[in-house]
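**Student:** In order, the protein sequences belong to chains A, B and C. Each residue of the first sequence is one higher than the one before, counting from 828 in the working numbering. Each residue of the second sequence is one higher than the one before, counting from 36 in the working numbering. Each residue of the third sequence is one higher than the one before, counting from 60 in the working numbering.
Simulated from the structure, these hints should not be mistaken for laboratory data. Note that the structure is predicted; figures quoted are calculated from it, not measured. Keep in mind that a hint or two might mislead.
[As the list claims (entries may be wrong)] Straight-line C-alpha distance at most 16 Å; calculated EDC-like pairs for lysine to aspartate or glutamate:
{"no.": "1", "chain 1": "C", "residue 1": "Lys-411", "chain 2": "A", "residue 2": "Glu-846"}
{"no.": "2", "chain 1": "C", "residue 1": "Lys-78", "chain 2": "B", "residue 2": "Glu-113"}
{"no.": "3", "chain 1": "B", "residue 1": "Lys-91", "chain 2": "C", "residue 2": "Glu-219"}
{"no.": "4", "chain 1": "B", "residue 1": "Lys-51", "chain 2": "C", "residue 2": "Glu-219"}
{"no.": "5", "chain 1": "C", "residue 1": "Lys-82", "chain 2": "B", "residue 2": "Asp-114"}
{"no.": "6", "chain 1": "C", "residue 1": "Lys-65", "chain 2": "A", "residue 2": "Glu-1075"}
The lines below spell out each chain.
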Amino acid sequence: MKNATITLAHGNGGSESKELVESLFYSTFGNSILNNSEDAALIENGKLAFTTDSFTVSPLSFSGGDIGKLAICGTCNDLAMMGAKPKYLSIAFMIEEGFSFEELRHIIKSMHDELEKNDAIIVCGDTKVVPKGNVDKLFINTTGIGEVYYNGISASHLKEGMSILVSRDIGSHGAVVFAAREGMALSSELKSDCASLYPQVKSLVDASISIVAMRDATRGGLAAVLNEWASSSGVTIEINEASIPICEEVQGICELLGFEATALANEGTFVIAVPVEEAEKTLEILRQTNQSAAIIGTVNNSYKGKVVLKSSWGTQRFLELPTGELLPRIC
Amino acid sequence: MCLSIPSKVVSIDEEKQICTVDTMGISRDASLAMMAQGDVKIGDFVLIHIGFVMNKISVEEAEASLETYREILSLMDEDERRRSVEEDDNCVNRT
Amino acid sequence: MSIELKDLYDDFRDANVIKAYAKQIAIDAKGLNRPIGIMEVCGGHTHTIMKYGLPQLMPANIHFVHGPGCPVCIMPKERIDHAYTLAMQENVILITLGDMIKVPGSNGSLQDARAKGADVRFVYSPMDVLEIAKTNPTKKVIFFAIGFETTTPMTAALLESVITQKIDNVLFHINHVTVPEVMTVLMADEENRPVENKIDAFLGPSHVSVIAGSDIYQPFASVYKRPVVVSGFEPVDVMQSIHMILRQMIEGRSEVEIQYSRAVDKKGNEKAQALIRKYFEKAPFFSWRGLGKVANSSWKLKEEFSSYDAEKIYKDILPTKECQDHKLCRCGDILKGLATPPECTIFGTLCKPSNPIGSCMVSSEGACAAYYRYGNMK
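Input sequences plus hints: build the corresponding full structure.
**Tutor:** Right under this line is the structure:
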C-alpha cells in the first residue's frame, strides 16, 4: 500500500478497495472461506450463507428508495446471489444526535416492507447514538444468514463458451444518487434500481437453469463484476458493447459528467453466467421482470483474466476495473 | 476539461441571465453570460460547458453533415455492390 | 427533416458511417508517399480516439501523435504545490475543477491535503463558487482556475459576478493557458523530432475553437504548411476530419478547415473573448510541464484586479522553486508527442490511475489515463 492514509478511493469498490482488502484484511484474517471472496461466505459445509454490509448512502432518500430499503436489499441480495434464501438479519444503527424521529420511522418502514419481500426477519440488533457531527445523520449495518438451496455458484467456475447476461439496464442507482446529491433536477422518471433479487433467482432455479456465476453489480458496477470473474476464473469475458442495456437518462448523466455506465453502482441488477445452450431460456425468465434484460457477451480464452469490449465498428479494448474516487457514498 | 454537451433550451430567465436546458432527461440551469442578449431561444440546441452556454449548435450545419454521411454510406454501398458483382463475374478478359 | 437532441449524439457515433470512413481513409491513404503523423492537440480528442479504438481503424501509414492539450496534465509541480500550500492555510476553502485534486505535487495532491484536514472541494461549474463563498463568509474561498480558452471566459464571468455581487471573500489563482503558442513551440522544434513522431497535420481542438474561432490556426497552415482540420468530439467527427486532412495532403493543400461546422466558425464567441480581455492579460510566460517556459501562453489577472489575485496576496508563502518530475516519468515527452504511454517504463506498473506518478495518468484527458483505460490491448 503506497499511501499512509486511507483515501476515499479505498472505498470505491474498484482497484483501490481491492488493494486495501487484500493487503491488510486478507493478509491478517485470511482463511479458506474468506479467501473465496464471494458475495456471501458459505459456512457450515455450504449449508448456510453469511454476509455483512454497511450503508452510508447520501442522500438518505432518493428516487426509488432510501437507506433503509438499501440496507435490506443489499444484504439479502448478497445471500440470494449465492443461491441462498435470506432468513435472519441483524441491524445496527449509528445515529447522529438530532436526527429526526419521523425520518427514522420512515426508514424503518422501508426496511420492514423490504424484509417482507424477502420473507426474512430481523432477529437481533444494536443502536448507537453519537454526538452531533460524529456520524453524518445515519449509518446502518446489516448482517444476514441464508439457507443455501442452490450450490455451486462461484466466480471461479466460468469456462469458454458460456454466456453472460445482465438482468436489466445498468447504472440507475449510481446515476440517481449522484444526480440527487448534485442537486440535478431530473425531468425524467429515473429511479434507482434498488430491489430485492431473491424472487428472480428463485425463478431461475425453479426453471432448472444451471447458474455458473451470479453477482449483483454494486459498487464498481458491471465493470467490477466482469473483471472479478475474469480474474477468478482465469478466462476472457468478451462483451458486445452495443448489447449492454443502458437507459437514455443514465446515458445522459454519463454524458454530462463524463462517467462510464459500466462503472456506476447498481442495487437491483445482477450479472449471470450460464451454459450457452441455456442463454435464451435465462433471458426469457429475466425478461419477465425487466424487459431490458440482455445477453451481453461470452467467455473465451484470448486474454486470460481480462474483459474485452467489442464495438460495433470493428474495434475492441479492455474494460478495466474502475479506479479512483468516482462516486463516494453511493451505497 | 473540454467536455461539452449538446442540450436543448427549455426555458429562459433573461433577468437572471440563465436558461434551463435538457440533456436526455436531465434538467440543468446554465448561465447565458457568454451569449448576446436575446440570442438564445427556447428550442435551440446549445453546447454547455461547466455550467455555461458556450454557443448555439447550427441545425443547418448539423443536417449538412448528416447529408454528407448519407452520401458516403451510399458510396460505400455502391462500391461494395460493384465489387461483389465483379467478384462473382467470371469474365476472364477483365483487366 | 428535423433533428432531435438524440441525433446530435447518435448520428455522430453511427457505426456504419465510422466503418465507411475507415474504408475511404484506407483507399485515400494509398495516395500518400510516406507515413504521416496527425497530432490531436486536445486531450478530449485523445480520449475519443482511444475510447473508440480509432487507431485500430487506421491504415499502417497513418498514426496519431498525441499533443499537450490537457490543462491538468501540463500543470507543473510547482503550481500544484501552490494549490497545496493555499489549501493547507487556516480558514481557506480551496476550490477547483474535477481531476485537478488528484495530481501529485511535491507534498502530495489536493486529495491528500483533504485527507489531512484541508477544505478542498471540486465543482462542476465555477459559478458554484459563489454559493460556497456566501455560505462561508468567514473563510477565504480560493478558486484554482485551470483550462484552455474554453474555460477561461467562465472564470472571467465568475470574477464579474463576484464583483457585481460585492462578494469579498473570493480569490483567484489563475492557471489558464492558450493553445496556439504551444503549437508554435512544437513546430519550432520540428527538425529535432524523430521521423516517427513528426507532426504532418493537426486535428484542431473542438471547444477551444468554439470560443476562439478557427482563424487562430491560420499560421500553422500558411507559415508551417500543415493542414489543420477543426474537429468535433464524436468518433464520426474525428474520422471525417482525418479524411479531410488526407484529402488536403494528397492534393498538396495546407488550409484551416472546419469539420465541426455545427459549432465552430472562424471568429468564435466574441462576447466570451471580450470577457477574457476585460479581466485578463497575457502573462510573460508559463512553465508547461514537459515543454518548459512558453512565452505569452497564459493569462493573469489585470493589475486593477490584484485584490482578487491569490498569487499576489499569498506571494510570501507560495513556493517558488521549480520542481522536477519523477526521474522515470515521461509525461514531458508524452505531452510533446515524442513518446507514447506504453513506452514509459513505469506505465501501468508503478504509475497507474490509483497511484499516478505523473499528471498524464491523472486526468481523464491525459494520454496515459486514456491508454490505461482504453488502449492497453496488444
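**Student:** Checking each numbered hint in turn, tell me which of them this model violates, lowest number first.
**Tutor:** 3
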